[in-house]
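**Q** Sequence order for the protein chains is B and Y. This note's numbering puts the first residue of the first sequence at 1, with every later residue one more than the last. This note's numbering puts the first residue of the second sequence at 1, with every later residue one more than the last.
The hints are simulated quantities; they were obtained by calculation from the structure and are not laboratory data. Please note that a few of the clues may not be correct.
Said to hold, decoys possible - When the alpha-carbon atoms are kept at most 27 Å apart in a straight line, the in silico DSSO-like pairs for lysine-lysine are as follows:
(1) B:LYS118 to B:LYS75
(2) B:LYS140 to Y:LYS116
(3) B:LYS136 to Y:LYS101
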Amino acid sequence: MKTGRKLKKIEKLNLVPILDSVFIFIFFLLMSAQFVDVYEIGSSLPMTQEIEDKKEEKDPLMLTLEVSKDQVVVKTGLKVTRSRSFASTENEQLTNYLRELKQQNPKENTMIVKADPKISFQYLITFIDSSQGDRKNKEKLFEQIVFDNSGVGK
Amino acid sequence: MKKKFTRPRNREAVDVDITSLLDILTILLVFLLMSYNASDLQLDLTKNLELAESNAQELTKFAPVLQVNKNAVVFLDNKEIGRLPASGSMAELTEALKARKSMTEEANKKLVNPHKPELVNLIFDKDMDYSIVQRVMHDSALAGYSQFKFIVKGNY
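In isolation and in its complexed conformation, chain Y is listed as follows (with noise of 0.2 Å):
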């Protein structure tokens, strides 16, 4: 049996009551906008790496990124290079290193804006031993990095 269509009464449009959620949307906005950083380097630590504290306040800038965590792994761009040996230098790193930099040296043939090729961001583990800072300055500038950023965590 067919329904009888039936027009619908005229109700009147309820008014929904925005003004608890225009609230949260300005302390969101206001909350995301003190946290905002205006970096051109996107950074996703490792695991076992922990940054070290400082009360440094110039803004991280676009580069290699190479980490060094707790068990001594070094990783460039997020990528396993391996482990740094007890003493000496390590070949694979400085390979690595010159890899991505003659990647930054072709890149910035098309860009308009270049990258420094000589700059390399690097991250250690706060509780490393400076000498291995010392090897991994040491193994970067073998491969022509010069310029060196140490990556921290704002304390204040």
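The following block holds chain B by itself, in its conformation from the complex (with noise of 0.2 Å):
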């Protein structure tokens, strides 16, 4: 038996304006494109400051890195000196290191940096990064890096 029905002609989508935008972003997007992603690293020169000579009963943390070519030293404490040393490839030990001294300074965000003149930018920068945690998890250790350019162990 014959139904009645009568098969309608599907109707096509006009594709035209879509692609049309399609193009024009593509093309805005090809003119700002930069194949090699570039980042930052802030840093800043030592500043001095007057302050008002308060008597603070806690010692400040004034944490200094000092990288030499094998080892990187980590100094803490201004009224009392603790220092402590990681070979060149004890990357993780370093962060985990800074991570305990984030926890017991919460308020402390600076890091002096010390740096031997002999080692290379790739070699410094691999520790900063090393002192900053992790990055992709958004994690802020100590961010406002200082350049010391007195050198190491002075």
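Assemble the dimeric complex from its two separately framed chains, guided by the hints.
**A** Listed below in structure tokens is the structure:
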């Protein structure tokens, strides 16, 4: 038995406007594309500031990272200086130690970097990376980096 | 002899299948969107310079770009300043930076969102000695630049 229904022709979607906009979008992206991902590591020179002479009970952290060819020395404290050394391969241990320091001093965010003039720039950047924690998970340790150009051990 | 005009026969419009074209465009769009960098700094690296790798994630900002390549040749905004001397400071670099700083300060007067006049982007070859980095930072500080941004390549 035949039904009385007629087969309706399905109308095709007009994709021309969307194609136009996609083309324009692709041109815009191509023009502004940078195929090397570049980022920045901020730092500043040591600044001096006059502050009122306050009697602080707590010893300031005064975190200093001394980077030399074969080791990194982390120094803390102003009144009582403590230091801990890490071999150049112990990046993870360094990060964990700085994490501990951050937990003990959550308000501190400054780190002084002293480096041996003979080390390479990449070597220094590797240790700065280690001192910044897990950046992928937005972890923040001591993000304010101040370069002390007086040299290691001075 | 004149050609006789003939009316074209009624032909059906040919349907071009654009599905494959759309597929390519979508893939291209996704790839470009993934590699899009919202930084306002346009960077042209000089020859003989390889960026240091880092897991930094902070986007670069607009500021003068100072590049030092493997041969210790200094470029300010892609203009060659000269080669760094074996020791001591480089007077040409300090002078060029001072001129650049005054240009930024002058331009800032007309801008609604002024740029930081004390900020400079530093690019060093990854194998460069830290002593050269120190000297360039020192010369920049003499010209009035106290904030440095080291430009690095993302390696994650």
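**Q** Among the hints numbered above, which are violated by the structure, and what are their numbers in rising order?
**A** Violated: hint 3 alone.
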